Amino acid sequence: MSVSPLVARVRLAEAIKTLRGQSGLDTQGRLGAKAGISRQEVNRLENPLENLTRNPDAGDIRSILLACNLDEDQPEHRVIMSWAWSAREPGWWSSRSYREMGHQQQVIAIAETYTSVIQEYQVQIIPGLMQTEQYAHYRAGMSPEPGSTVDGIVRGRLRRQQILAEVNRYEVVLEELAVRRVTAAPVKVMRDQLLHLLDLAERPNISIRVMPVGAPTAPGRAPTSPFSLYRYPDRDEPEMAVVDSVRSNDILVEPAIVREQAQLLTRLREAALSDADSAAFIRDAANALAAQ
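Our numbering applies: residue 878 is where the sequence shown begins, and numbers increase by one.
None of these hints come from the bench; they were simulated from the model. It should be emphasised that the depicted structure is a prediction, and the values quoted were computed from it without experimental measurement. Careful, some of the hints might be misleading.
Unchecked claim - No more than 16 Å apart at the CA atoms, straight line, and that leaves these computed lysine to aspartate or glutamate pairs for EDC-like: (1) 894 x 937; (2) 894 x 918; (3) 911 x 937.
Said to hold, decoys possible - Between beta-carbon pairs, the in silico distance windows are: (4) 1143 x 959: 50 to 56 Å; (5) 955 x 1024: 35 to 41 Å; (6) 1018 x 926: 25 to 31 Å; (7) 977 x 1131: 28 to 34 Å; (8) 1113 x 913: 40 to 46 Å; (9) 1113 x 1151: 31 to 37 Å; (10) 1131 x 1111: 16 to 22 Å; (11) 1064 x 920: 49 to 55 Å; (12) 1122 x 1164: 33 to 39 Å; (13) 910 x 977: 21 to 27 Å; (14) 1076 x 898: 49 to 55 Å.
Ideal Cβ positions, reconstructed from N, Cα and C, are used throughout, including at glycine.
Starting from the given sequences, assemble the full structure and let the hints guide the process.
Structure (structure tokens):
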């Protein structure tokens, strides 16, 4: 079973921290000195979410394991090295063709790799995995991040959408604003986008629910921004949550925090319209735009 590069990096970081503690190497500098690598490199390995676009060096990891008295003939050594190779996987997002898709989208692409279930909550715009090329192009032109281009962003979004044919389940909760706000894109582009949502909703592995403005929700924490949840095939792999913070993506891996985000999404899904009623809602919105 393939392991997500993001999950592999998180597991690798946890393993290195644990081994460092067990070996009495209480600082990253002491571990680096014994392994023959820099303290900065140890820090990067132990904090993978801050260095997602930098592949870990398998040789450095092997040196760390030996420095922590974990020989190559030990099963744990082989397991950790397998994570190292998975973490280095040269995914499509790192190829020359997608270098201008933007760092934020590159991080999301890494998170999506090898997922089995993706769940999203969006407030004002249609999520990238469901955007038409025209809608994506319009949105990308609003505020492309440094180092990206509009065409590069769109190319990345269209490539990411291939995951929809691979995941077991893709569930989305859209606030009514995301469906009705015409300023998110020109009228014709927005109408075509809504019709595309209806086509996607017919796929058996996709669920789209709309949250009307007046829908009551169960008591609890309210969402403050869009977010996504990622589950992977292996039950031992940690679940991930990614919160959209406009100019950056906050990746959450702490089980309690991820569980809290999952509970929040469950409340939102229960308060939203059913899949069938949501499809009718989207169809009415598309018809209203056609009248314009």
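Consistency of the hints with the structure:
no. : hint                    : result
1   : 894 x 937               : holds (14 Å)
2   : 894 x 918               : holds (13 Å)
3   : 911 x 937               : holds (11 Å)
4   : 1143 x 959: 50 to 56 Å  : violated (34 Å)
5   : 955 x 1024: 35 to 41 Å  : holds (38 Å)
6   : 1018 x 926: 25 to 31 Å  : holds (29 Å)
7   : 977 x 1131: 28 to 34 Å  : holds (33 Å)
8   : 1113 x 913: 40 to 46 Å  : violated (32 Å)
9   : 1113 x 1151: 31 to 37 Å : holds (34 Å)
10  : 1131 x 1111: 16 to 22 Å : holds (19 Å)
11  : 1064 x 920: 49 to 55 Å  : holds (50 Å)
12  : 1122 x 1164: 33 to 39 Å : holds (35 Å)
13  : 910 x 977: 21 to 27 Å   : violated (39 Å)
14  : 1076 x 898: 49 to 55 Å  : holds (52 Å)
Hints 4, 8, 13, counting from the list given before, are not met by this structure.
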